[in-house]
Every structure is written in structure tokens, then in C-alpha cells.
Amino acid sequence: MRNEVRRLRGLQGLSQQALGTALGVSRQTVNAIEQGRYDPSLPLAIRIARYFGLPVEEIFHADEA
Amino acid sequence: MPTRPSTGRTPTRWAVLALTSVAGVAMALVMALRGDIMMAVLLPAISIGYGLTVTLSASRSDVAAQLSGHEEDERRQLINLRAAAMTGNVLVAALVCGVAYELARDELGGPFTVLSALGGFTYIVASAAYTRSGSASL
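Those sequence lines, one after another, are chains A and B. Residue 19 in the UniProt record's numbering sits at position 19 of the first sequence, with consecutive numbering throughout. Residue 33 in the UniProt record's numbering sits at position 33 of the second sequence, with consecutive numbering throughout.
Bear in mind the hints are in silico, worked out from the structure with no lab data behind them. Computed from a predicted structure; not experimentally measured. Idealized CB from N, CA, C, for every residue including glycine. Accuracy of the hints is not assured; some may be wrong.
[Unchecked claim] Here are a few chain A residues that sit away from chain B, every Cβ distance over 12 Å (derived from the structure):
(1) 2
(2) 3
(3) 10
(4) 20
(5) 37
(6) 59
(7) 60
(8) 63
[Claimed, not checked] Ranges between beta-carbon positions, derived for each pair:
(9) 96/B <-> 7/A: 48 to 56 Å
(10) 39/B <-> 12/A: 22 to 30 Å
(11) 81/B <-> 55/A: 27 to 35 Å
(12) 94/B <-> 17/A: 38 to 46 Å
(13) 117/B <-> 14/A: 51 to 59 Å
(14) 62/A <-> 121/B: 48 to 56 Å
Based on the provided sequences and hints, a complete structural model is requested.
See the structure below:
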């Protein structure tokens, strides 16, 4: 699933480790989300959205069939 | 699957290292009592070395994190579930082969048969339990 996590993280000057700590996940998980290799659970997606102050739909883009 | 924020380093972080250290010392004692000095040195070295490696590299490697029991991350929990399922499937295949072997030798009721029955019963109970509990408690 395409997402804006890397861009948003860059705008705030955060490292993957720092973002992971803020969200309660590992650096590797942040990396996997940014690369689209892992789709976060609903609770985690909501936490990410709240962290960046944006709606979930503006951060995660479901692949269109 | 619920996501519980990590609280950073926890006491359980050292559990695998502690366990492998205790196992290493136990193996050393057993081997020393048997008079096998080489194994008394080698086995604990392997055991403690394994514990140190996975514990100290857990922050850098997902695999090491899995082996050291660091599953506080939802993604790692999912990886662990999938790896456990794959391991279970491989073991089931081995058990089926074992039961076939026992059947061919007219030895049904042997270890492979018992383990297969235990596995089947466990799967049924676990499926029923998780069906009732729902996904929130996974």
C-alpha cells in the first residue's frame, strides 16, 4: 500500500528510529511500512495518522484494482 | 491484532541470554562429570555465544529479534506467527511420514502416531479457542 510516511517523516526531520520509538514499533517496521512491504494494523495506522495530524486516508493509499 | 507501544528495554530482553547461559552451565557440568572436557567447553560456548549474538543484535536484525524473544512489535508478532505456522507445517509433514512408516511396519501407536494425534487435537482446540476469542486477542 502506497503511503506518505517517509515524506512526512522527512518533513519533520525524524529518523526511522525516532519515529519508531514515538509509535512504539521497531525501526525495521517503520522501514517496512515506508517501503510498502508491510501494511500496518488499524490501531497503528490511526496512531500514525494522529502523530502526523492527518486523516488516515491522506497517509495511506489503497491500491486501486 | 492490537498494537502495544514498546516500553523500550524490558527485563525480558535478557531472558534468552539468561536461559542459554543456564543451559550452557548445565551442559558443562554434565559433560565434565562424564569426563568429556572438550564438550564441557564447547557446548556452553555455543549456547552462551548463541544467546549473546541474538540478544546483542536484536536491535539491528529482525531475525535476531525474533530469536531473542523481542515480539513487542506487531510486525514481529506477525512474522513469528507465520514462522511458527511454517515450522508446524514442516513438522506435520515429518510426522505424517513417520506415521506412514509406522503403518508400513505395523507399528501404529508408536511415537509418531501419538505425536500426530497430539498435534491434531491441539490444532482443533486452538482453532476453536481463537474462533471464540476473536482477532483482538491475537
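Hint check results:
Even its closest Cβ contact with chain B, about 18 Å, leaves residue 2/A beyond 12 Å, as expected for a residue assigned away from the interface. Here residue 3/A stays apart from chain B, with its beta-carbon at least about 14 Å from theirs, past the 12 Å limit. The non-interface label for residue 10/A is consistent with chain B: the shortest C-beta to C-beta separation is roughly 21 Å, beyond 12 Å. The Cβ of residue 20/A sits about 8 Å from the closest Cβ of chain B, inside the 12 Å cut-off, so the non-interface label is violated.
With 12 Å as the threshold on Cβ separation, the claim that residue 37/A sits away from chain B is violated: the shortest Cβ distance comes to roughly 9 Å. Every CB of chain B lies more than 12 Å from the CB of residue 59/A, the least distance being 16 Å, so the non-interface label holds. The claim that residue 60/A is not at the interface with chain B holds, since no C-beta of that chain comes within 12 Å of its own (minimum 15 Å). No Cβ of chain B comes within 12 Å of the Cβ of residue 63/A; the nearest lies about 19 Å off, and the non-interface call holds.
The hint said 48 to 56 Å for the Cβ distance between residue 96/B and residue 7/A, and at roughly 50 Å that hint holds. Under the hint 22 to 30 Å, the C-beta atoms of residue 39/B and residue 12/A, about 55 Å apart, miss the expected range. At roughly 30 Å, the beta carbons of residue 81/B and residue 55/A sit within the given window of 27 to 35 Å. Judged by the Cβ atoms, the range 38 to 46 Å given for residue 94/B and residue 17/A holds: they are separated by roughly 41 Å.
At about 53 Å, the CB distance of residue 117/B to residue 14/A agrees with the hint of 51 to 59 Å. Between residue 62/A and residue 121/B the C-beta distance comes to about 40 Å, which lies outside the given range of 48 to 56 Å.
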